Amino acid sequence: MKAYIRGIGQISPQQTFAGDFLDNVVEYNTNMLFCIDPVYKEFINPLQLRRMSRTLRMGVTAAKICLLDSGIEMPDAVITGTGFGCIEDTEKFLLAMINNNEQQLTPTAFMQSTHNTISGQVAIMLKCKEYNSTYVNRGFSFETALLDSMMLIEEGNAHKVLLGGFDENSINLHVTTERLGHWKKEKINSLQLLENKTAGTISGEGATFFMLTDKEDENNYALLKGLSTLYKPESEVQVEQHVADFLKRNNLSASDIDLVVYGLNGDVRTDGVYYHLRDKLFAETAGAYFKHLCGDYYTSSAFALWLSANVIKKQDVPEVVRLGKAPLGAVKNILIVNHYRDINYSFMLVSQC
Amino acid sequence: MDALIAKLKTQIIEQLNLEGVSPEDISPDDSLFGEGLGLDSIDALELIVLLEKNYGLKIENPAEGKKIFATIRSIAEYITAHGKA
Numbered sequence: 005m006k007a008y009i010r011g012i013g014q015i016s017p018q019q020t021f022a023g024d025f026l027d028n029v030v031e032y033n034t035n036m037l038f039c040i041d042p043v044y045k046e047f048i049n050p051l052q053l054r055r056m057s058r059t060l061r062m063g064v065t066a067a068k069i070c071l072l073d074s075g076i077e078m079p080d081a082v083i084t085g086t087g088f089g090c091i092e093d094t095e096k097f098l099l100a101m102i103n104n105n106e107q108q109l110t111p112t113a114f115m116q117s118t119h120n121t122i123s124g125q126v127a128i129m130l131k132c133k134e135y136n137s138t139y140v141n142r143g144f145s146f147e148t149a150l151l152d153s154m155m156l157i158e159e160g161n162a163h164k165v166l167l168g169g170f171d172e173n174s175i176n177l178h179v180t181t182e183r184l185g186h187w188k189k190e191k192i193n194s195l196q197l198l199e200n201k202t203a204g205t206i207s208g209e210g211a212t213f214f215m216l217t218d219k220e221d222e223n224n225y226a227l228l229k230g231l232s233t234l235y236k237p238e239s240e241v242q243v244e245q246h247v248a249d250f251l252k253r254n255n256l257s258a259s260d261i262d263l264v265v266y267g268l269n270g271d272v273r274t275d276g277v278y279y280h281l282r283d284k285l286f287a288e289t290a291g292a293y294f295k296h297l298c299g300d301y302y303t304s305s306a307f308a309l310w311l312s313a314n315v316i317k318k319q320d321v322p323e324v325v326r327l328g329k330a331p332l333g334a335v336k337n338i339l340i341v342n343h344y345r346d347i348n349y350s351f352m353l354v355s356q357c
Numbered sequence: 101m102d103a104l105i106a107k108l109k110t111q112i113i114e115q116l117n118l119e120g121v122s123p124e125d126i127s128p129d130d131s132l133f134g135e136g137l138g139l140d141s142i143d144a145l146e147l148i149v150l151l152e153k154n155y156g157l158k159i160e161n162p163a164e165g166k167k168i169f170a171t172i173r174s175i176a177e178y179i180t181a182h183g184k185a
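Chains A and B are the protein sequences, given in the same order. Under the working numbering, the first sequence has 76 at position 72, and the numbering climbs by one with no breaks. Under the working numbering, the second sequence has 160 at position 60, and the numbering climbs by one with no breaks.
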């Protein structure tokens with residue numbers, strides 16, 4: 005299976021919406037990151053905008069930027085992945101139910117709280133009546149959407165797929181998951197995420213859309229050559245073996261990889277597997293990481309794919325994502341290794357076209 | 101009546117999240133739906149809830165609703181007529 009990345013649009017805690025490739029990195033002194041908003045009125049009709057929640061604005065705008073970037077006006081399919089969907093709208097109508105004693109409920113928050121609101125809104129906006137699907141599989145949400153997209157392209161059922169991954173942060177969500185020990189107790193500088201050797205990470209959010217196609221084109225960012233997932237591995241050795249097998253299936257070995265993008269999030273309880281892979285398979289290979297820029301969330305691997313596709317196209321690895329000092333030449337093959345809370349492991353292979 | 105109209109304008113702007121619209125922008129006799137303020141059927145549901153929640157008035161007859169929600173003034177008159185303002 006393979007697919008070309010033709011266009012990208014991303015709203016994130018960095019200024020990624022305006023074509024900025026980490027030229028002006030924003031650092032945070034908090035363990036809770038939120039996206040930097042573009043001027044949404046420039047992308048969405050004000051009449052529609054007023055009813056949209058924050059995540060809906062983020063998602064629809066990222067999709068629009070992606071469409072503009074790709075030069076493709078009408079996709080053959082819209083596929084998204086999200087862990088929590090439109091969580092703020094869900095919170096809003098649940099709170100209204102409690103506060104109003106289950107009476108006098110307004111429809112807007114309820115109808116927009118569903119996970120497929122964004123893919124639906126994008127389809128309405130484009131008048132796209134083709135295949136439309138949203139996957140909600142926790143830490144595999146984006147990966148499942150990506151898998152579906154690649155299968156559609158592989159089987160010839162679609163030639164242009166608009167693929168998105170999105171999740172939003174909220175104070176309620178952060179506080180609730182903080183009780184479960186997800187986040188660092190201390191407030192830290194986001195750019196020093198890996199230096200705090202403590203439990204937990206920083207929460208984040210983002211909306212990233214890709215236009216995948218089956219056509220070679222000089223404007224393509226990169227070629228997505230492979231995707232693999234692994235659920236709850238029993239050991240670091242199992243992960244190592246899985247990576248080796250994944251590379252082998254794609255006729256590659258560890259030495260063919262020019263850059264490994266690790267999902268390191270600064271949590272001492274779960275970062276060990278990345279260092280294990282680095283020591284055992286990629287000791288001589290340059291590394292990069294990204295969660296200090298966007299925080300951790302179910303679909304953060306979409307941020308990693310945005311980063312990798314841009315690195316391949318621009319042949320530039322921004323200093324802020326570099327891990328270690330391994331020499332780096334031309335970047336032809338990138339391996340993304342990410343896991344969400346040591347449960348959902350995913351591996352993506354991104355190559356030069 | 102004028103005080104009620106002013107209050108309704110603020111409540112509607114807040115409830116319907118009419119960004120960039122101020123009470124002065126809405127005339128009490130402007131159509132709320134169609135060419136006036138451009139509200140739609142979802143907004144109508146929001147207005148029904150607004151009336152019930154803030155004024156204790158239930159609108160159960162759709163035909164009646166069309167007349168009541170024609171303008172801000174017609175809403176104010178309905179509230180006044182039913183004595184719950």
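These aren't lab readings, by the way, just hints derived from the structure by calculation. Only a predicted model underlies this, so the values are computations on that prediction, with no experimental measurement involved. Keep in mind that the hints are not guaranteed to be accurate.
[As the list claims (entries may be wrong)] With a straight-line Cα cutoff of 35 angstroms, these simulated DSBU-like cross-link-like pairs (lysine-lysine) come out:
#1 Lys-336(A) to Lys-252(A)
#2 Lys-96(A) to Lys-158(B)
#3 Lys-158(B) to Lys-219(A)
[To be verified] Some chain B residues judged to face chain A by a derived CB distance under 7 angstroms, without partners named:
#4 Ser-122
#5 Asp-125
#6 Leu-145
Backbone N, C-alpha and C fix where the C-beta goes; we use that ideal spot for every residue, glycine too.
Hints broken by the structure, by number, lowest first?
Numbers 3, 4 and 5, in rising order.
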